[in-house]
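Use the sequences and the hints to build the structure in full.
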Amino acid sequence: MNQHDAQTSLDDIHRFQDRTREQIVRQSFALPRVVVSALGLFIALAAIDLPHSWNLVALALGMALYAGVGIVCEHRAAVRRKATRQEALFHGGLLACVMVAFGIGRIAAFALFGLPPQGPLSQATAGAIVAALAYVAATPVNRSIMKSIVRQSGGTA
Amino acid sequence: MDPLFDEFLHVPARLSVVALLAPAEWVDFGFLRDSVGTSDSALSKQVSALAAAGYVIVRKDQDKRARRTYVQLTTQGRLAFQRHAAALERIVALARDSTGRPVTD
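So the sequence lines, in the order shown, correspond to chains A and B. Throughout, my numbering is defined as the position within the first sequence, counted from one, plus 1145. Mapping to my numbering: the second sequence position 16 is 3, numbers consecutive.
Derived from the structure by calculation, the hints contain no laboratory data. Heads up, some of the hints might be wrong.
Said to hold, decoys possible - Between beta-carbon pairs, the in silico distance windows are: (1) A/Thr1153 <-> B/Asp21: 20 to 26 angstroms; (2) A/Cys1218 <-> B/Gln63: 52 to 58 angstroms; (3) A/Ala1228 <-> B/Ala53: 25 to 31 angstroms.
None of these values were measured; they are calculated from a predicted model. No residue lacks a Cβ here, since even glycine has one placed at the ideal position from N, Cα and C.
Here it is in structure tokens:
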């Protein structure tokens, strides 16, 4: 074993580890998963201004869609791993940002278009559209953050 | 030779499999095969050898559509891989110290 062979083996190790990490990031933010998650968020947030009992049904449906697509995708994933604390914090922060976008959208809907606080086309619907679009638009940024989290936490060599 | 150097693990196909498994908990057999660029039978042989050495465990899941095989690095396998990688790094570092310049191709 000479130094050149050792360096080549190390380079191979890093290359293969990166391939697994890339797969983890790719499957975490695959476009179909992102779109269905955004749809779930839209339904859950738009439900807020619906009439009583309908709002609970729509909220449950939206949350089930959001959580369900994550569970199904993780179950079918080629690479599985336990979520780290950093990842949990990141997803919590992401949801907080979605709520901020929802709030901004809702205020803008009232201020700019004078939308009512109840009914199917309400402030919450406009806010939910803004939040869902922001969630999809932020995918490249989310992917980069996830990449650095996976790089910090996953694998050893 | 460095005492941490693992001759068994240093076989390129085995080292590739273990490197792919290291950042994950369970990895699909198909992903391993495509990433290593080998055939099912060749990979199966290497995975069996790693399993016999106690470095990996294999699990078969029955999905609705197909049967899927997952491979996981054991604690023993992870330790062996870490030690082997450390041995490789030491070999490179020693060569770098003796020549006073980084190793290049």
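We went through each hint and held it up to the structure:
For A/Thr1153 paired with B/Asp21, a C-beta distance near 22 angstroms keeps the hint of 20 to 26 angstroms intact. The given range of 52 to 58 angstroms is broken by A/Cys1218 and B/Gln63, whose C-beta atoms sit roughly 31 angstroms from each other. Separation of A/Ala1228 from B/Ala53 is about 26 angstroms and conforms to the stated range, judged on CB atoms against 25 to 31 angstroms.
Checked against the numbered hints given earlier, this structure breaks only hint 2.
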